[in-house]
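Chemist: These protein sequence lines map, in sequence, to chains A and B. Count the first sequence with my numbering and you get residues 240 to 1211, in order. Count the second sequence with my numbering and you get residues -6 to 257, in order.
One thing to keep in mind: the hints can contain errors.
Computed, partial: chain A to chain B, Cβ under 8 Å [stated by the list, open to error]:
no., residue
1, A791
2, I1040
3, G1090
The set of hints was computed from the structure by calculation and includes no laboratory data. Using N, Cα and C, we set each Cβ at its ideal position, and we do this for glycine too.
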Amino acid sequence: MKGFMNRLLIASLTVLALTLGSVGAAQAADPPPFEVLGFTARALDPVGNDYTVAGGHPEEAVTSFRFPVMDTGLGGIVPVEPPKSTFTELPAGFLANLAGVARCPLSKLNPGNYSTACPGAAQVGTVGVSINGSTGSPIGLYNLTPERGYPLELGFTYLNKPIVLYPLLRSRTDGYRATVAVLGAADFAFTGADVQVFGVPSAHTGAGVPGLPALINPTDCSAGAPVTRMIVDSWTRPGRLTVDGFPDLSDSRWKTAVAPAPPVTGCDNPKLAEQFDETTIEATPLQTPGGPIQADQPAGLGFDLHFSQANDPTDPSSAIDPDIPATPPLKNAIVSMPAGVSISPSAANGLDGCSELASDPAGDQVRYDDTLPVTCPEASKIGTVVGTSPLLASHDPTTDAVTGAEPIGGDVYVVKPHPGDLAPGGQGEGTFRVLIQLESEKYGVNVKLPGTVKADKNTGQLTATFLENPQLPVKDLHLEIEPGPRAALATPVTCGAFTTTTDLVPWSTPGTPDAHPSSSFQVTSGPNGSPCAATPQARPFAPALTAGTQSAGAGQSSPFVLRLTRKDGEGEFSSLEATLPKGLAARFVGIPYCSDAALAAAAARSGKAEQANPSCPASRIGAVTVGAGPGTNPFYAKGTAYLAGPYKGAPMSVAVITPAVAGPFDVGTVVVRNALFIDPETAQGHVVSDPFPKILDGIPLRLRSIEVNLDRPSFTLNPTSCEAKSIDVKVTSTDGALASPTNHFQAAGCEKLGFKPKLSLRLKGETKRSGNPALTAVLKAPAGQANIAKTTVLLPTSAFIDNAHVNNPCTRVQFNANACPPGSVLGTATAYTPLLDQPLSGPVYFRSNGGERDLPDLVADLNGQVHVTLVGFIDSVPIKGTEKSRVRTRFQSVPDAPVSTFVLKLKGGKKGLIENSKNLCKHPGAATVLMEAQNGRTNDFQAPLKTSCAKTKSKKKGKVWAAALGSLVGWR
Amino acid sequence: MGSCSRKSRWLALTGAVIVSAVVGVGAVSAAGSKESVVVGNVEFSAGGGFSPKALSKTALTPIAFTAEGKIGTLDGTHPPALKEVLVEADKNSAVTTKGYPTCKSGQLQSQDTSHAEAICKSAIIGKGTTSVEIAFPESKVVPVNSKLLVFNGGESGGVTTYYIHAYITVPVPAAIVTTVKIKRIHHGRYGLLATASIPKIAGGSGSVTSFSLKIDKKFTYKGKQVSVLSAKCPDGKLQAHATAVFADGTRASTEFIRPCIGKG
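Extracted from the complex, chain A is given alone in its bound form (with noise of 0.2 Å):
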């Protein structure tokens, strides 16, 4: 209240003093706009010229401005304006270290009656003040205790008012320069001042260590003219403040003068790199604490950072030289994990990033143009960090000696990423962001670091980059990367020793060479104890295999499951090969192909943008899911499997796509095509991926689990054999090991499924003895029952082969070229499934058969949106008691596969394979037909052979058949 009714009398006065001076003086010119004037500053030696040793001890600094002034008629000179804040912004790198000069409470600055009672061992300097047109006589200016929220205060009493002089710490955006304000506590008229500070101030008042300097110098030397500035406004036109208390300099109530100085010299000082080169770096894994470092596990980090600091006022060991230069302060740092640590996928679970982007839809939450804390999300810390400085010191309470460094605390946070830093599709180096922040709201410091970190496209190896860290004197700074689970590094595979290398560029660079300090660590345990691995080649390959449907009943559509697992320390996924077990169907009708075109496109989305609109919502036909990353926490993809066309020689694929969204990561999209191959002969599935990748923006994936659910509504259909099958994987792991999973597969009640298919034969065409008649044969199966299995057909006596149109048969080359010869074509087959939309038709041929039987099988080889081929073999059964035999087509491998309905038809005349060995309207004959289901049910009966003949009754049915059938056990 004091203070505000001062600031108001003085207020008042001045401007009656400038309505008086205007009035009365009547005089013609305006009063000078309000400015600084005389500005300089300078950091002298002994003998008063500038002083510009890169990192050395200048004997003073002085400072000294003006401000414009006016008369007031009545005696007085005042400023035309009376100042309110000052503040001085130091040239970067320039700083006063008065750690080791004792300190004087704020309270004793003023005790009253014009004087202080600070001691004289805190002076640190002089102030002359300018008032009234003169400069008084240099008062004592004293280090004071801080109060809370800043790292150093001034003082000095000036007409009985403490004038408190507080140095801080821009933002990083400004450089980190120290600032000295004088925070609206001018309010008295002065038009001017004289600062000086003692650069060693026990040789002014013979306390304190003796000889320790207290500036020091910049020590950029490409810097240019170290600058200060200087900013005011006045009590008449304040100044807008920014968020920080700091003049926002868009506001033009704000007056600036600068005071360039001389470039410092001599960066080449080998005293400078012999500091600088004492640099030492420890890097070490952080997992259990105690134990071996296991190999393939996720792993935090320690590392520690240690600079030699001559004239330390917090070491008492430090050596006290004001010739020796203060080590440069770390410019750059480049630290380069050994190959192998890399960062985990398991980190991503929870994880979120902190925005540094205003573009972002959280804003900027880090700020680097202002002083204040970052607001980051919790879920994007990933670590902390503790530093020490020479500059400030911790204090016994009761004594206030310096006991040490005062540590400073902060937190690691992850980045999210800036454009272009992460490469469509994962190919690319990724580059990952993460920021350092140290921050004490006791002493009123923040510190902003950002860092990237590279990782390398094709072995994962980081590279972290610091550049343009602040000027600032750094004794210690060490960093943890929090261990456990969610860790955001993984140790290498293999077992050994690992070396993290830096590259760590001074301030006073390139007059300083870098240093290359570098830290090792060894890898002595595998996972969880396990043995350990000298080379990823030699760590064992046995993942585990769950996969079935989840209802197993015969004939029903269930969700199909496939799960395979690995564990830490085990070679990778590369690639697989699935065999899916016979009867194991899909059904495709209505699903439309996800055309490579759209597959090339989410391939080159981001993951996000998939997410937001997958690529082929009608195609899907179920969810993977994949693990990835070490430790029992692995993050988990989600992705989606999609029906594709053909592929790789296969009829169609399966393309799975899987946005790589990982915490607040988007490496693009990633779309792994799967080769489905369907067994022409037994319409088995057997699926061939492409290769997995294995690593995505350098970030090795350390695949621990794929899942794939085929859960598409009555998409996959068990089999109505209730055999007991397998399902059988070869898994291929990153380093060439094979390993061969199965999983028993066995679909359940069977015995409940009905067989009652139907075959009627009809013979076309020339009917007489030695006539080649067409045959057409239509099989319908009742939908819900088992299916075909087997089935024979025995065709009468009267039904020869003829021996002159068995010719040409189709070699099993010629078949695979889909180069049968004409002549080898017999008919035409169409089989019509319910699970496809389109039915499957072709050519039957007659195809050689490497000598497994006799004679050339009948082949009908159906196309279409699948291909298959039923393969029927063509024999003779005699009859018990003649020479004569019966031709028997036997299909033995009928795929166990819902078919409608199914037509062969067999060319007749010139081309026809059966020839009549009798007149068929004369002795029509039936065909026996043999059926056995997939479920083991059989159904045999006698179709008669329909012909053009005029009807005529057999007398043979019934009775006659039914003993034929009897005889004919045994000719399946």
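Given the coordinates of chain A, assemble chain B onto it according to the supplied hints.
Modeler: Leaving out everything else, chain B in the frame of chain A:
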């Protein structure tokens, strides 16, 4: 009988050779001996004879004719299919079918052996057996055995026809009927030309590998006992020349000379 016999003499031996040629290349040899011919990779050997050996020097004498033979390859591979056999037979042999019942080809087609025999039993002039190898591309060789029945097809326009029927059940039931046409020629020692066109067996994948045949039918015509084959022996030998044409273009020719004893 004389003029008729002259003509028929030639036919007799020719027919016998052709019968054997149905399954290979006909061979005439002394009983117990075989003659071999190698052409390229194809090797066939044939043997056979007739009885009795003592024949009239001037008059045709009924004979029973036997023939056997084998066809193979030097390297053991499947022999090529026999496509056609041309036989020039000794002018001192004859074939006589006049007055003997005949059978038509159509009656034999698509018939198994028992049916063929039942339908044309009276026209049978000889019997035998044969072995056939069926080798489809990319397939193993399937050996097939069959009975052989030789039927008289009758004479028309100076051409005598024989039908040789075979029925195989492996791999599938099929009937094979070979037609033999015999006509008169004037070619030095030879007086008959028999041409056998052998149908494709198993579409061309079947090849005869052996045969054994006997023709000895005698019948009564106009009150006289006659034989379908007869010969005379004016100069102590009977001679034939045969050419076999295989599907792969191989042609094999050989000459057969068998001694006889002329009487009277």
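Chemist: Hints first: check each against the structure and report whether it holds.
Modeler: Here is how each hint holds up against the structure:
Checking A791 (chain A) against chain B: minimum C-beta separation of about 41 Å lies over 8 Å; hint violated. Satisfaction of the interface hint for I1040 (chain A) is found here, the shortest Cβ-Cβ separation to chain B being roughly 4 Å, below the 8 Å cut-off. Interface restraint check: G1090 (chain A) against chain B, minimum CB-CB distance 3 Å, threshold 8 Å, status holds.
When the structure is compared with the earlier hints, a violation turns up for hint 1 alone.
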